[in-house]
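**Student:** What follows is each chain in one-letter form.
Protein chains: 4
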Amino acid sequence: MKALEMQVAGGPEALRFSNRPTPSVAADELLLRVRCAALNYRDWDILRGAYGSFQLPLVLGSDAVAEVVQVGHGVTRFAVGERVLPTDTPDWITGPPDETRIARRLGGPLDGVLAELISVSAEAAVRAPAHLGDEEASTLAGAGVTAWQALYGSGGLEPGHTVVVQGTGGVSLFALQLARFGGANVIVLSRSAQKLERALALGATFGVDTRRTPEWQHEVLRLTNGRGADLVLDVLGGTAVARSIAATRVGGRVALLGFLEDGTAVLDLKQAIRRSVTLATSSGRSRDMFEALVRAFEAGGLHPVIDRSFAFQDAAAAFAHLASGAAFGKIVVRIAGPGEGTPPGPIDSRLAGS
Amino acid sequence: MKALEMQVAGGPEALRFSNRPTPSVAADELLLRVRCAALNYRDWDILRGAYGSFQLPLVLGSDAVAEVVQVGHGVTRFAVGERVLPTDTPDWITGPPDETRIARRLGGPLDGVLAELISVSAEAAVRAPAHLGDEEASTLAGAGVTAWQALYGSGGLEPGHTVVVQGTGGVSLFALQLARFGGANVIVLSRSAQKLERALALGATFGVDTRRTPEWQHEVLRLTNGRGADLVLDVLGGTAVARSIAATRVGGRVALLGFLEDGTAVLDLKQAIRRSVTLATSSGRSRDMFEALVRAFEAGGLHPVIDRSFAFQDAAAAFAHLASGAAFGKIVVRIAGPGEGTPPGPIDSRLAGS
Amino acid sequence: MKALEMQVAGGPEALRFSNRPTPSVAADELLLRVRCAALNYRDWDILRGAYGSFQLPLVLGSDAVAEVVQVGHGVTRFAVGERVLPTDTPDWITGPPDETRIARRLGGPLDGVLAELISVSAEAAVRAPAHLGDEEASTLAGAGVTAWQALYGSGGLEPGHTVVVQGTGGVSLFALQLARFGGANVIVLSRSAQKLERALALGATFGVDTRRTPEWQHEVLRLTNGRGADLVLDVLGGTAVARSIAATRVGGRVALLGFLEDGTAVLDLKQAIRRSVTLATSSGRSRDMFEALVRAFEAGGLHPVIDRSFAFQDAAAAFAHLASGAAFGKIVVRIAGPGEGTPPGPIDSRLAGS
Amino acid sequence: MKALEMQVAGGPEALRFSNRPTPSVAADELLLRVRCAALNYRDWDILRGAYGSFQLPLVLGSDAVAEVVQVGHGVTRFAVGERVLPTDTPDWITGPPDETRIARRLGGPLDGVLAELISVSAEAAVRAPAHLGDEEASTLAGAGVTAWQALYGSGGLEPGHTVVVQGTGGVSLFALQLARFGGANVIVLSRSAQKLERALALGATFGVDTRRTPEWQHEVLRLTNGRGADLVLDVLGGTAVARSIAATRVGGRVALLGFLEDGTAVLDLKQAIRRSVTLATSSGRSRDMFEALVRAFEAGGLHPVIDRSFAFQDAAAAFAHLASGAAFGKIVVRIAGPGEGTPPGPIDSRLAGS
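Residue numbers (this note's numbering), protein chains in the order written: chain P, 1 to 354; chain B, 355 to 708; chain U, 709 to 1062; chain H, 1063 to 1416.
Bear in mind the hints are in silico, worked out from the structure with no lab data behind them.
Among the clues, some could well be false.
Capping the alpha-carbon separation at 20 Å, the derived lysine to any residue pairs in SDA-like fashion look like this [unchecked claim]: (1) P:LYS195 with P:ASP209; (2) H:LYS1332 with P:SER283; (3) B:LYS356 with B:PRO692; (4) H:LYS1332 with P:TYR51.
Start from the sequences and build out the full structure, keeping to the hints where you can.
**Tutor:** Right, here's the structure in full:
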């Protein structure tokens, strides 16, 4: 079966298709035919060598929707033919994180989802929401659950709260949708007037053009009658974190979700302490959070925002598009349509299991 | 000024209008002209002597909207002319409850709001939402904040959760609106098919006719794929609490908010323990919760459900209507329209402050 | 290998020894030689048929210390020779409970630990604290983790808080030790002056003889300067829960952990609501809680209180002693000393597994 | 009455004694004769102009023990002759912080406690623990409550957890005592072998000499079997925060409590995100927290660590000693012994209260 491998660190050109054997399926595992995979900046950072070093070749990608084509003999959770979403942190089912729960991640260090067939633990997948098409469903695992966790897992968002989201990448747009669905006000920041228009059309309460208002924290204070936002989702890091803190209400929260080039954040401690701000980070995502996200998507009939989809053979172009930063929403790679794909062929399944 | 007094325990006929002096206004207080007051079952229970004994005569009523007609010389929080909502538990501003914060309540033991003029601490009032008319705004303090507290204060409701509300009284309808606004599914129980229709029109996800399905807990389990509701708001007490517990998911929560005649609840402990259910109660409401409710109402442009309003002189009929249990939504007493009401007259303000 | 079976519901005489084959060991399992098992009231309730019905014959017992005698080929968590404590709810590793995590329990519906050899998932065991002897270590899983969960899992106990514990059974004595180690004041209730003496010797801050002071809630209020206890661990249920609620501070917590004969609790809702009390229940225990308990026992060098131990052949007498209610602390059954026990013999292990 | 004023920014020489009128006492206030005051780095930072600018002259100092010498006519909370501790953030009684609750602080912008007589709101004081002498009792408000808040307010410390404290200043020693009293393990870091000795004598579980082990995070990981500390109290800020994060367990917490010269903290976001660490800050302290601290001190019979006390006339020397960083524990200024002090004299009390 075909898989897209990162063979060396580099740009999109460092990706190569290879032929791999059909994965084995242990007693508690599922064999999945991947229909669509969605990209995240983490994939790009790993590819260009900016996210630690992993054993190569590595199949990238952590987010996908797939069809169950075979189940291990101990599996009762899913049946052949069901449409599922693998969790990207397969050992983290529920509860708080710990070292062993977050160590293994799809798309590095584990082989990821940019492949025709993958096998995962039956515990490490959730049912795909029926109202979502394949392209949409493929995008939830990473950006969707990250946004959920920042808003509801650690953020304690309530109806009537105000959230700030930076830019219009995948996490920010999921956060916009989920926070609005949960009754919160959402202030979107962007350097593009056009993207702000689209964010407002998606339901954003306010948009701030940071090209015209680089000191946007003052505008957030103004829009919240001087109180500040209850929660700011910071995806930039660096010295700009000072603005996120200044825009947060006393006793509020900043979620540090990402960073630009150098990967540091510089805090003005006097300011952070003065405002009693809590700075939250998180790594990986539990299946419980994923199921909570799915319930919210189903309750609201929500649909993720897709920027563009690419055929599997054009996956390198999808990475290039991701790297350009131009996307509004998620970038998807289509691997197999429903009913498509060759049969998995002779499977080297382990003979017995527990 | 005119006030409606409970002079003995009894039915609506035990209420009498009296003439009282204009209340004094201490340095940290507001003098308010009440525009509308809303009734709660607590008022009825106090009137008929079923809620402990208070010093009589007593002015009933805890929920109102009013206009500031005078401010004590130390007040900066409000100005004359503003429209405010008194908090019903004036000493509880924020944080967890304690004995001293919840002891004093409007409408018993303190004189309440069924009067033309009242004075309250400036700290014990919040700004009325501008988008609500007087009848609507008067209903938030009691039933609204109780619903808020049960859902978001102790209940930790999230988008995608499922809540059960019993009947269509004030608290239940506020809970329906707020939970839907917060992205939750809401199952409404009622013995009236007609009221279920109205609840569904208000946005309820499901309605269960408990006259036809008295063992409604099974239906809740069915509607939640066997999982049970995340939160059940129980307003009945008695042996029926067993149904609320059986309808709650493992690890879920039942809010015990009210009771019918005898004021007890009988738990099957084996069942409650088996389902790891937490039973939450609460008394009184902090100003912080009230402000959170107001922010949610403003964020959503929500409007409370008014069953019917009565002129002040017909307040006894309003109590009779409350006692009938027939209302769908809140019952309001109109006391003075905007600009109405005689001037407060010479005020016997205390010379030295509070 | 020898196991003690409940063959019909009844008294201690309904227990019979049987010879069972050595349990099979799947790839992710441990084969354990049980050294000591500790009894809980749940065992007694199951035996006499008062805790639901289970498939018989059933090996009772959920708490044990054991030695690893074989590991499945996929196990890395433990090695042969290590001393471990099985968790009594093997599918609940971490996080909140749900239906699937709490369904299976040792000692019913699963066969329990009153046997020479048992097999458990390697994930469903924790390392035994080195400073505890076998009799001591065997007692932690049930009563110890229940006390931990009530105090620190849901109870949020802090140094300087006050806890009330009822009687001197296993859970109450663990709670006494753990709450004192955590800096809380502990008020012990007992109908026996002699047991109160022993509780005070163990560190209880105050003892209340409920034979002489049946309305003990007033004494708790007196001892807390009228404030009430932060947390009451109720193991009686019934109408006496009203006393627990009356003894709890406004906004405090009652943990409903057990019950006498009829298994109900009758709440005065007016009182519960007036005091804003939360009533918490729980079923089963996660491995995370167990590990937290072990860390606390190690940090404090704590030792559980053992009432008495019995040889395996006298296990029926141990149940009779448990049923008498006379014990002060845990009752232990000694099954095999270190190095004792016949070798497990030919093992019918599954050939391969995951 | 005599007060110590900061008249310009500068060193200890910028302090001057002045004669001020006896403070007025509003209806809800207490007039207090200060017995002892304790110093904090915040006082030193304000004096040297490194903590924002305040209106001068300013009486410094936020921590004191005092005797009630007069009560406003509306006060019932305290009586003349009682020994009390003013809260340093007088408007923050309970609940979460907000802008209005934390704006006013004793010792800047409000006049502080380095004076013979002060007046405070009766709500803004707590009863002094009877078992503490005046020097001891004076130290609780600032460093004590800060440590409490970091450990139990936001930190959720449990018995068996591990905490790291940096150095042996006031907050660190309070944290050491309180965490040990609450059953946690405490690792103390210091550049002085002698101070480590003293910390171990106070009960620290481990000491790490950071002069010999500058990369102390590895030692913390080693001492916690690779898991990391549950909570690190960081008082240094700067680039060293990276070590605090590396020493924290996955999902753990770093409390950012202070800073050296430049007042920034530089985070390695990749590392912080990888470890899912939460960074908590806080400003000011509520009366509820102070009362919780007092209950813990009383429950444990704890005594604060006093480094040295100075007579009022030597207060400048006390500041110089604070600035030297040599202290092990708190530095106290003795202002009046019990029964000492001239009578407050004719009081210019306001006629009508606030």
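**Student:** Now tell me, hint by hint, if it's right for this structure.
**Tutor:** Consistency of the hints with the structure:
With a CA separation close to 9 Å, the supplied pair P:LYS195 and P:ASP209 stays within the 20 Å bound. Annotation: proposed proximity of H:LYS1332 to P:SER283 holds, straight-line Cα distance about 10 Å (limit 20 Å). Distance check on the hinted pair: B:LYS356 and B:PRO692 sit about 17 Å apart at the alpha-carbon level, within 20 Å; holds. About 8 Å separates the Cα atoms of H:LYS1332 and P:TYR51, which keeps this hinted pair within 20 Å; it holds.
Checked against the numbered hints given earlier, the structure satisfies every one of them.
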